[in-house]
Amino acid sequence: MSHPVLHVDQVTKRFGGFTAVDNVSLTLRPGERFGLIGPNGSGKTTLINCISGALRSTEGRVTFDGHDVSTLPAYKRTRRGIARSFQIPRPFKSMTVLENLLVAIDFAAVGHGLNARQQESEVTAILDKMGLGSKTHVLSSQLSQVELRKMELARAVASRPKLLISDEAMAGLSSSEIDEVLDLLIALNKDGITIIMIEHIMHAVMRFSDRVLCMEAGRVIAEGAPKDVMANPRVQEAYLGV
Amino acid sequence: MRGNGFWLAAAAFISAAYGLTVFATNDYVFFAGYIILQFMVLATAWNILGGYAGYVNFGTNAFFGLGVYTAVFMAKAFGAPLLLQILVAGLVGAVLGFAVGLLTLRMHGIFFSIATIAMSIIIETFIINWKFVGGASGVQLLRPPPTAPFDSYIRMLFVIAAVMVVLAVAVARYVQNSWIGRGLRAVRDDEIAAECTGVPTLQLKLLACSISGFFLCAMGAPAAMYLQYADPASAFNLNYSVSALAMSLIGGTAHWIGPLLGALLLASTQQLLTVTISSEVNVLVLGLMLVLFVVGAPDGLIGLYRRFFKPKSSDPSGGSSAP
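Protein chains in written order, with our numbering: chain A, 1 to 242; chain B, 1 to 323.
A couple of the hints might just be wrong.
Pulled a few chain B residues facing chain A out of the computed Cβ check, cut under 7 Å [said to hold, decoys possible]:
#, residue
1, Thr25
2, Asp27
3, Gly109
4, Phe111
5, Glu124
6, Arg173
7, Glu191
8, Ala193
9, Cys196
10, Gly198
11, Val199
12, Pro200
Derived by calculation from the structure, the hints in this document are not laboratory data. Note that beta-carbon positions come from the ideal geometry of N, C-alpha and C, so glycine has one too.
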């Protein structure tokens, strides 16, 4: 087995007396499609905040690509190849779609030494792939919800990630839009990007994931093949209360 | 790029300022003109942190006052020439900007602004209690003779201020159009998203705070010799903070030309009112204009211009990048 792209080792995150993530471990192989599920407030977003560096874990270690990144600030983790989208889109509102992506290229892909023209052609290529080609020069504050979701993924891709974390990129979208975003994620995965998908839309998770992990109240309650996890009585109880 | 045009305009600006010192007969032009140029520098410098990064610094007066007193100290202790006073004041300002940034830039929004006010009170208190530079009662200064080719000190100060305007604007323009500016805009729009997109937010803010501090403090240095007197109450006057902020907002914070225009408009009006009506009215005008613009044109003069002449454009620099 090739060495893991991400190894989360017994990570705990406490906010004062509240334990949001409790002793969670997981290992991702390169190129894997990983689904992270769990009811609201179960600690999914906190866990990926600890992985991406938006929060620092209270205990435990995060190893990425063979290096311990537990103490690195978020921007350094992004430069190493961890990119993410946000549950509620966070575009740079005063900028066009093009400029949003250029931020990622300027700062995250900093070592690639592209000149201005190469940068723009790379952005154009990413936007075309994402189906946002016609929006290149539109202000990001004028995008629709699905376009914002796609732009966030495009901005993440522009930082040339090895691992992409998609935090509910499909929330609030129509079913055809969900399929669009799902196809995009699968296409990105085919390009070799390992993907963690957090999602409440079960058929999307089932279709997408090689492996699923379910959290409840900060703990891992099930992990394995999507079908097995969904059949797990504890998962059903957590979700449906039956 | 319009790079050459900018430098030609800058050269023309300095030449015009120098030409004025040769041909104008009335010294009052330079007393009033110096103040306008001074506020152009202050507003431009303030905007590097306050406009580009969106961190509203209320401590302009702290930087300015510290610049005044750095000049006083350098003159009294070492008899340093004016240019050295300005340079040292600039460096002191950059260090202060960095140090204050380190302490306060982890705070956001209103909390950062309050911290900068606290900083200015602390520095002013320190100066009030420092006897060597005059303490609370202030200190008289004697101007040395002007350096050739100038035959009057105020005319020399006027040209120096004009050069400082060009330097401050050149730096602000570079910051705006480079990757630094793009990063600062990302910080202003959404700091968490910026950090997660690879932007070293704290470092960029510290850089902006240091550059801003350099010019705010440097511009304080010649003010000592301009007035030939320095006292804490006027050197640390909160008016500097309010003016720098108001001028930037009224001009528009998104582009380097905004603070420049805002300062030109407001400082000229204030000078005019000071002479024609009274020096108290000019503060009132500042407040009124600020209210008018915040309500009627929240993006300042730049915003007005774009609304009427260039709909839909977002980036005046053309979106090119200069790493």
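Here's how the hints hold up against the structure:
| no. | hint | verdict |
| --- | --- | --- |
| 1 | Thr25 | violated (48 Å) |
| 2 | Asp27 | violated (45 Å) |
| 3 | Gly109 | violated (16 Å) |
| 4 | Phe111 | violated (20 Å) |
| 5 | Glu124 | violated (35 Å) |
| 6 | Arg173 | violated (17 Å) |
| 7 | Glu191 | violated (9 Å) |
| 8 | Ala193 | holds (4 Å) |
| 9 | Cys196 | holds (5 Å) |
| 10 | Gly198 | holds (3 Å) |
| 11 | Val199 | holds (5 Å) |
| 12 | Pro200 | holds (5 Å) |
In summary, the structure is inconsistent with hints 1, 2, 3, 4, 5, 6, 7 from the numbered list given earlier, while agreeing with the others.
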